[in-house]
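*Asks:* Starting from the known structure of chain A, arrange chain B on it as the hints suggest.
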Amino acid sequence: MTTWRVLTRRPGRVIGLLILALFALMAVFGPYLYAGPLAVDPNAIYSAPSAQHWLGTDFAGSDVLQEIVIGARYVLETAALSALFAAVIGTLVGLVAGYHRGPTDSVLMRLTDFVLTIPGLPLLIVLSTIWSFGQPYEMAIALGVTGWGGVARAVRSQTLSLRERGFLEAARGLGLSSRHVIFRELLPNLAPFVAMNMLLAVIAFIGAEVALFFLGVVPFSSSNWGVMLNQAVFSGGAMDSPAALSYLLAPLLCILLITIGIVLFLDAVDELFNPRLRERS
Amino acid sequence: MRTLTRLLPKLAVGLVMIWAVATFTFFLVHALPGSPGDAAYENYILSGMSPEQAQAKVSSIYGFTSHDPLLVQYRGYLWRLLHGDLGQSISYSGVPVTHVLRAAAPWTIFPALAGLVIAFLVGTSFGAVAAVKRSSRWGGLLSMSGSFFAGIPVFVLALVLAFLFHTEWNLLPYGDTSDVTLTPGFNGPYVVSVVQHAILPVATYALLGYGAWLLTMKSSVISVLGDDFILAAELRGLRPRTRMRYVSRNAILPMFTVFALSIGYLLGGSVLVENVFDYPGLGNVLFQAIGARDYPLMSGAFLLITVAIVLANIVADLLYTVIDPRVRR
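Here the protein sequences line up with chains A and B, keeping their order.
Using the working numbering, you'd call the opening residue of the first sequence number 8 and step up by one each time.
Using the working numbering, you'd call the opening residue of the second sequence number 2 and step up by one each time.
There may be inaccurate statements among the hints.
Pairwise CB distance ranges, derived in the manner of DEER restraints [unchecked claim]:
{"#": "1", "chain 1": "A", "residue 1": "PRO18", "chain 2": "B", "residue 2": "GLY85", "range": "53 to 63 Å"}
{"#": "2", "chain 1": "A", "residue 1": "PHE66", "chain 2": "B", "residue 2": "LEU72", "range": "44 to 54 Å"}
{"#": "3", "chain 1": "B", "residue 1": "ALA32", "chain 2": "A", "residue 2": "PHE241", "range": "46 to 56 Å"}
These aren't lab readings, by the way, just hints derived from the structure by calculation.
A virtual CB, placed ideally from N, CA and C, is assigned to each residue, including glycine.
Here chain A stands alone, though its shape is the one from the complex (with noise of 0.2 Å):
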């Protein structure tokens, strides 16, 4: 109850809601509304957005909207995998050094630290020499071991919070193993926190990904909007000429959107768990 009240106290929150379940819905049945391989006319080449072409069409006459709906797939998917394998790794991480405290607590988090400050980006590129990492599950694998640091942290620091109310004091006073008390009830009133963090963590994880095909540094294996980006950009002349504006705004606007969406309804999520910044009247 409380929950849609919060959602719907502010229309932006319905709206990112509506984006965000939009796109889920585009990566779920999209490669279904357009099967087969792209369609290639030689005849309209850049073509402005018209009642056949609603996004316009490609540097091969392929339409943009067409692609925009196929790569949402591979986009999404990656992404959610992503943030799934951060998540995972970065909440064992998180919970196992606030838990124990101490010289685990002290390494965990030096290895943390270390995997937040190596730069993603040129680490990524720098790995894209020995391991083309095109697919989606080792795209994921790719993103998730180097991105699990912000997760850790946030899960680290909330874990040492939750530690000191009373139900965990009782917990452990009962005499519970540590097994029980991380998981039965540490890991229970830490999941909304690490869902909110999941989010954020897609967010990054789609600019990771589509920059990598941006950069053309991961192979082409499937069609997605970095690599529609790629081609616009370094082949397609999209940045001189006004004729490809629609296929370079296209992935543009759709990862906007998406980051927009996220935001909105983070807001929600971030007043449903944050009582502190609930409006005082």
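*Replies:* Here is chain B on its own, set in the frame of chain A:
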């Protein structure tokens, strides 16, 4: 003294980190199928050199002798690294990597620093406003703008700026550091051209950092506003301006962690920013080196970017100690 005991472990961790990255890039280059050294060695043999000559040539160009055991090569690599020798670039045929990096570094450091300063000034002031006015529409919009710019991917920002200000409105040039027809030097047209070409990269860096400053400042100010001494100041009837000075001085402290984080974002993002704006900085050098399979240059650029971030972390920590007396005690 206290500062020193706090700083030493940080320095040690930083050094370990630099060593780890150096080791990582070393073994990465050696994990590559057919190392560039081996390929060159075979080429020299084919072109009629004796094995000794070819060996000497390869070791002079690639910085390691490719037929030694791996551990010996690794020791030699670390030893040369300690002397500031990163080997020779392949794509710039034999120019020392350090020279290439030295030429590129200013084109990354100055725009990134300028962006950092702008982002800090604008982000923290807007963050304070967003905190004080958090119940109003403007406060909400401000914090929303922070989350938006913190979330938006670097290259999207760069491409949109380039598209709007160059292709669409034709207000600003981009590509390279200045108009190529001008002679470099301290003359009017050249300086103007350099500044014009720097505006878009700097703006990208600034917008990139803006969100983190705003959001952190906002939550910091909100937590300080709840402190007792602010209530006391209010009850004593101090003017809002004085009260705001108390608040901002206390709320600025957590900003130093953002400083270190921002440097990381900016330098990491430089690969994309410089790629879009065709700017000859470190990120572009790293990208070009990967395209040309120039491994000495690649590991050098990656190492330098990491070292810069590690140093920024240490500096942030040092500043924190100087500014917050509670840490020193």
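*Asks:* Does the Cβ-Cβ separation between A:PRO18 and B:GLY85 fall within 53 to 63 Å?
*Replies:* For A:PRO18 and B:GLY85 the Cβ distance comes to about 59 Å; the hint holds.
*Asks:* Just tell me: holds or violated, for the beta carbon distance of B:ALA32 and A:PHE241 against 46 to 56 Å?
*Replies:* violated (28 Å)
*Asks:* Could one say that the CB atoms of A:PHE66 and B:LEU72 fall in the range 44 to 54 Å?
*Replies:* holds (51 Å)
The structure fails hint 3 only (numbered hints given earlier).
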